[in-house]
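Put the complex together from the two separate chains, hints included.
Sequence order for the protein chains is Y and S. Position one of the first sequence corresponds to residue 183 (my numbering), numbered consecutively onward. Position one of the second sequence corresponds to residue 7 (my numbering), numbered consecutively onward.
Treat the hints as calculated values from the structure; they're not laboratory data. Since no wrong hints were added, every one of them can be taken at face value.
Reference listing, derived: stretches of chain Y covered by chain S, where coverage requires no fewer than 3 residues with Cβ under 8 Å from a Cβ of chain S:
{"#": "1", "stretch": "210 to 218"}
{"#": "2", "stretch": "223 to 232"}
{"#": "3", "stretch": "258 to 268"}
Quick reminder that beta carbons are idealized off the backbone N, C-alpha and C, glycines included.
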Amino acid sequence: MVSGPAELVGRMRRGALEYCALGLLREGERDAFGLVRELGEAGLAEREGPVYPLLARMRHEGLVVTTWREAEAGRSSRYYRITEEGVAALDEFQQQWVDFRSRVDALLGTGGAAGP
Amino acid sequence: MSVRSHDALVREYLRRLGWGLHGMDPNDRDQLMSEITDHIARARAELPSPTEEDVRAVLERLGPPEAIVAEAAEQHELGAQRRNGNGKSRQPESAKEATLRALVDGVESEWGDEPPGQPGAVDPPAPRDAGERERRRRPARAPAGVEPEMRAVSLLLAGGLLLVVGWFVGVVLLWRSEVFTLQDKLLGTLVLPGGLLPAVYVLARPLGGAGWPVRLVEFVLCVLLAVATSIYLHRRLRARQVATGFESFRARRAAHAAERARNEMGLG
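If we strip away everything but chain S, and leave its shape as in the complex, we get (with noise of 0.2 Å):
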């Protein structure tokens, strides 16, 4: 396997976290994404002649971006739990409080699993020390840009504006996708085929005996269509990130936690 497709092992590898990380605070997200994709690069910087299971080797001891996306929320939800409800940063707790609370925060969550989680105030800045800047980091190749899906919504859109082959393109993103539904992509095909080219056509075509009245509904009709279809597509994608990402891995911590107070005020 060539350099190349080693790097669209990776690529992807960072396109599936960068998705499961929506909802985070950007500053957090784009500083882990830094450090995940750093993290990558030194360890196939350490192979001499990285081979297809090297890279994936690598992957693989990093985790799935699943347990990264996971384990984020558990983190900021643990880092709100630990804060006092005016946000100031943790108090010292007693020595033994702090052993246990360690301890039981550990076998209370669910590392691997979908944790629940609670909503959380937003983390304080990073402090800094005195003499020390943190600089901001940007990776050299931005992960997760745009996702194809995303591309694919506007490719079937307006595509076909775009010599026609724009639109074909789209369906085969949409048709790669591994988060639109069956359904979803039936949709996407059939309503309408073409995107707004049809629209155009209908324009550009020369008036038959209806006239325009009959051509302005007939345009108004595939816009409505395309546009119809290209927001629900929208929808359906930003409803998938929800339900699988950071946001959900927080809410059900949110639910964890909240049962556990309410079991905690039980036996007190």
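Next comes chain Y alone, as it looks inside the complex (with noise of 0.2 Å):
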């Protein structure tokens, strides 16, 4: 149950984090912990650690394909790279946010004019 408005943009943020995660690996391949740690400097996850499970789920999806690599000292890391069926729901959630987004500000004052 939703308490108030901030917990509803929060779990709405939540909600995208997918998205905006799609959204950082579009601009090119991002080793797991650059991914979570930019997705929660960005405000988008309170903790880092449960956005791994949703990057699993991206990855059984097949919007995101991944490689391990040796970093330092005998250490692997994770590798994230967007697929083209990644790239398709991005930017099909990146037009329909964008028209969200504009009634909803044209609704709310808060600058933008109603999408077409």
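Here is the structure:
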């Protein structure tokens, strides 16, 4: 049960997290640590650990592919790369998000005109 | 605090995480554990001379293991819901549906709380691009291999046969556990002290007036009591694991999703 606007927006942020991760990956391949850290610093993930199961589901759904590579001191790190399916999903979400955001902004008077 | 103590903090964190993920697909579990282990190592490597507070801050920023377990269950069920019933990978929805579903899923789920869930199908294997292979990663130190509680149960049963001291080690592990209740701890300590050792003593002591039939009955009773206690503690451990870990979150997610479906049908 949502208790107020702040919590609602927080949960919407969480719902969009998947596409924000895809948006970062569209810029280029990223290692898991860097990706999760950047999402956290952008204020999209309050805690970093739960992002990893989200990335696992995205991997299972074919939105991203991963490789393990040797890093330093014999340690391996996982690198994420967006797939064509991930790009298509991101494009769809982006289109509808802009429309949704502009309509809400128009009704709330927070800027932006309503979409077509 | 020494580096060894810092490592102990991390080991305990990973132990709790591994324990909570029991019931998850083993491959998915191993991969998640590897990623979390690597994350902690990377975060610690960024710190020039980490103190205890620094290590704790790394773990706090990661979030409690229980939150990761809850999210793992949530994402597992979300993936199952997005697939159609025949197990195919996600079919493209309309763009509007995709947007609304992403937002609704975020609103409907309970990040950080104990999310309800539904029994889901097994996830399809991760797709592989041509020319790319995903190498299975095993962490340098196996997290949550044999939990201390399982070690305690084994030592309480057979530790007395290892120069007696093994049983005492089992008692220490039993009483240090945060999983077993006071009743479990008292039962594990008192039934029977020494585990199987009393049964060995019964066989080894000089024959008394009662003879072999009585000795045999005593031997069997000692063995049965020790084994029954071991089975009881193992079942208590497993029940607690199921009640608080991955499977529990999935079951509650199932109830929530079923309730949503009933509500949607009622509104439709």
